[in-house]
Every structure is written in C-alpha cells, then in structure tokens.
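S.K.: Sequence:
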Amino acid sequence: MVATAAVPGSPGSPQGTARFEQPLLITSAGQNAEVQIAAVLAKRAGLNYTLSKLAEPKDLAGMKTLVLVLGASLKGLGAAGLDMDKEDKRVDALIAEAEKNEIPVLCLHLGGEGRRGEQTDDLMAKILPQARMAIVVKSGNADGFFTKICQANKIPLVEVEKTADAQAALQQAFMK
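Each residue of the sequence shown is one higher than the one before, starting from 37 at the first, in this note's numbering.
Possibly wrong hints are sitting among the right ones.
What the hints assert, rightly or not - Result set (SDA-like, lysine to any residue): computed pairs, CA atoms no more than 20 Å apart in a straight line:
hint : residue 1 : residue 2
1    : 162       : 119
2    : 89        : 112
3    : 125       : 184
4    : 79        : 161
5    : 89        : 134
6    : 184       : 139
7    : 125       : 162
8    : 100       : 122
9    : 174       : 199
10   : 174       : 149
11   : 100       : 119
12   : 94        : 81
13   : 198       : 180
14   : 198       : 149
15   : 94        : 149
16   : 198       : 75
17   : 122       : 132
18   : 136       : 166
19   : 94        : 129
20   : 89        : 55
21   : 125       : 139
22   : 94        : 154
23   : 162       : 201
24   : 100       : 81
25   : 125       : 88
26   : 174       : 201
27   : 100       : 55
28   : 198       : 69
29   : 122       : 138
30   : 190       : 54
31   : 162       : 197
32   : 174       : 203
33   : 162       : 134
34   : 184       : 132
35   : 111       : 122
36   : 184       : 84
Derived from the structure by calculation, the hints contain no laboratory data.
The task is simple: from the sequences and hints, build the whole structure.
M.R.: Structure (structure tokens):
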C-alpha cells in the first residue's frame with residue numbers, strides 16, 4: 037500500500053508526486069545496508085539503474101536521476117574506510133554535481149525507525165531539503181521528521197507501510 041502525502045504547491049503531477057527520468061544512479065548517503073535493498077526494488081520496478089555504494093561526481097555522467105538512500109551506519113562507514121566527515125564531503129560533492137547538471141535528487145529512507153538516530157537525522161536534515169521527492173517507510177517518520185522538512189521545503193513525501201512497498205512508489209516516480 038502506497039500512501040502519498042503530497043505537499044501543497046509541490047512540483048510534479050497534480051497529485052504532487054515528482055516525476056523522474058532514467059537512467060538513475062543509486063548510492064548510499066551514510067553507507068547503510070538499505071542501498072542494496074534499493075537496488076533490488078529498482079530492478080523489480082524495471083528501472084534502468086547503476087548501483088555505486090561509493091559514487092563520485094564523475095559517476096553521474098549520463099545519469100538523469102540521483103537516488104540517495106539515507107541512513108548512517110557506523111559499520112558500513114568503517115567497512116568503506118570512511119568516517120562521517122568523509123561521507124558528508126562525498127555526498128556534498130555528488131549533490132553539487134547533480135545540481136550543476138540539473139540532475140534531480142530522489143531520497144529514500146528504507147530502514148524505518150531502526151535506521152534513525154542522531155547521525156542519520158543530521159545527515160538527512162542536511163540532504164533532504166535538496167531533494168525533489170522523498171520516499172520513506174512510515175515507521176521512520178513516526179515523529180514527523182520527514183513531514184516537517186518536506187513541508188518546509190515543498191518536497192513531495194511518499195510514505196509506504198513497509199520497505200517492499202517502495203517498489204510501487206519508485207515505479208510511480210518514474211512513470212511517463
């Protein structure tokens with residue numbers, strides 16, 4: 037079940053859901069495990085995507101959408117040889133390149149309440165305002181964190197009951 041919480045006056049379709057083009061680059065913002073899930077969902081949705089856990093600005097060449105899977109994982113950062121400062125710089129450079137090339141950003145938060153925490157929230161508060169749309173698992177927005185940021189920045193927010201439901205939301209976001 038997909039529930040769309042459209043923000044009044046937001047760009048996109050009459051329902052307030054932004055539309056994106058393929059191909060898309062999927063990467064993690066915070067080196068979380070959910071980036072793998074996002075790739076599976078994109079594959080099942082029939083999307084033309086590239087997964088790069090450590091994507092750099094050059095990886096955006098030829099891409100029409102940047103998908104950032106939000107969620108900080110200390111284990112994932114350590115395995116990638118990164119700390120939060122290095123990860124912040126990597127993601128900032130990606131977003132700057134996307135903006136320079138007019139590539140929209142779609143943010144996913146698939147980890148629900150379990151992927152929230154101070155580091156994740158700080159990361160998301162910084163990144164989310166630069167997104168064209170956000171798709172989140174509802175339990176991760178129980179406190180209204182995503183709703184507040186999306187409303188303040190007129191970003192369409194799509195909440196899904198469970199992670200698997202994000203597949204339909206992705207399909208809708210890329211429908212022509």
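S.K.: Now, for every hint given, state plainly whether the structure supports it.
M.R.: Tested hints:
With a CA separation close to 17 Å, the supplied pair residue 162 and residue 119 stays within the 20 Å bound. For the suggested pair residue 89 and residue 112, the alpha carbons sit about 10 Å apart, so the restraint of at most 20 Å is met. A threshold of 20 Å between alpha carbons decides the hint, and for residue 125 with residue 184 the separation of about 25 Å lies outside it, so the pair is violated. A threshold of 20 Å between alpha carbons decides the hint, and for residue 79 with residue 161 the separation of about 28 Å lies outside it, so the pair is violated.
Taking the CA atoms of residue 89 and residue 134, the gap is near 16 Å; set against the 20 Å cutoff, the hint holds. Straight-line distance between C-alpha atoms of residue 184 and residue 139 comes to about 24 Å, which puts the hinted pair past the 20 Å bound. For the given pair, residue 125 sits about 12 Å from residue 162 by alpha-carbon distance, which is consistent with the 20 Å threshold. Taken as a hint, the residue 100 and residue 122 pair is broken in the structure, with Cα atoms around 25 Å apart against an allowance of 20 Å.
Using a Cα cut-off of 20 Å, the hinted pair residue 174 and residue 199 holds, with the two alpha carbons roughly 9 Å apart. A distance of roughly 8 Å separates the Cα atoms of residue 174 and residue 149; the hinted pair therefore holds under the 20 Å criterion. Restraint check: the Cα-Cα separation between residue 100 and residue 119 comes to about 28 Å, which exceeds 20 Å; the hinted pair is violated. The straight-line distance between the Cα atoms of residue 94 and residue 81 is roughly 26 Å, outside the 20 Å bound, and the hint therefore fails.
The suggested pairing of residue 198 with residue 180 holds, with an alpha-carbon distance near 17 Å, which does not exceed 20 Å. With a C-alpha separation of about 11 Å, the suggested pairing of residue 198 with residue 149 holds against the 20 Å cut-off. The hinted pair formed by residue 94 and residue 149 fails the criterion: a straight-line CA distance of about 33 Å is larger than 20 Å. Taken as a hint, the residue 198 and residue 75 pair is honoured in the structure, with Cα atoms around 16 Å apart against an allowance of 20 Å.
The suggested pairing of residue 122 with residue 132 holds, with an alpha-carbon distance near 15 Å, which does not exceed 20 Å. Of the pairs offered as hints, the one joining residue 136 and residue 166 holds, with about 13 Å between alpha carbons and a cut-off of 20 Å not exceeded. The hinted pair formed by residue 94 and residue 129 meets the criterion: a straight-line CA distance of about 10 Å does not exceed 20 Å. Restraint check: the Cα-Cα separation between residue 89 and residue 55 comes to about 24 Å, which exceeds 20 Å; the hinted pair is violated.
A hinted pair counts as satisfied when its Cα atoms are at most 20 Å apart, and residue 125 with residue 139 qualifies at roughly 18 Å. Among the hinted pairs, residue 94 with residue 154 is inconsistent with the structure: their alpha-carbon atoms are about 30 Å apart, more than 20 Å. Annotation: proposed proximity of residue 162 to residue 201 is violated, straight-line Cα distance about 26 Å (limit 20 Å). Proposed proximity of residue 100 and residue 81 is supported: the alpha carbons are some 17 Å apart, at most 20 Å.
Pair hint residue 125 plus residue 88 holds up; C-alpha atoms about 16 Å apart against a cutoff of 20 Å. Taking the CA atoms of residue 174 and residue 201, the gap is near 11 Å; set against the 20 Å cutoff, the hint holds. At roughly 11 Å between alpha-carbon atoms, residue 100 and residue 55 fall within 20 Å of each other, so this suggested pair holds. Using a Cα cut-off of 20 Å, the hinted pair residue 198 and residue 69 holds, with the two alpha carbons roughly 16 Å apart.
Taking the CA atoms of residue 122 and residue 138, the gap is about 24 Å. The hint is violated against a cut of 20 Å. A hinted pair counts as satisfied when its Cα atoms are at most 20 Å apart, and residue 190 with residue 54 qualifies at roughly 11 Å. In summary, the hint linking residue 162 to residue 197 is not supported, as the alpha carbons are separated by about 25 Å, beyond the 20 Å threshold. A distance of roughly 14 Å separates the Cα atoms of residue 174 and residue 203; the hinted pair therefore holds under the 20 Å criterion.
The straight-line distance between the Cα atoms of residue 162 and residue 134 is roughly 16 Å, inside the 20 Å bound, and the hint therefore holds. Between the alpha carbons of residue 184 and residue 132 the distance comes to roughly 24 Å, so the proposed pair goes past 20 Å and is violated. About 15 Å separates the Cα atoms of residue 111 and residue 122, which keeps this hinted pair within 20 Å; it holds. Under the criterion of a C-alpha separation no larger than 20 Å, the hint pairing residue 184 with residue 84 is inconsistent with the structure, at around 31 Å.
Hint compliance for this structure: hints 3, 4, 6, 8, 11, 12, 15, 20, 22, 23, 29, 31, 34 and 36 are broken, all remaining hints hold.
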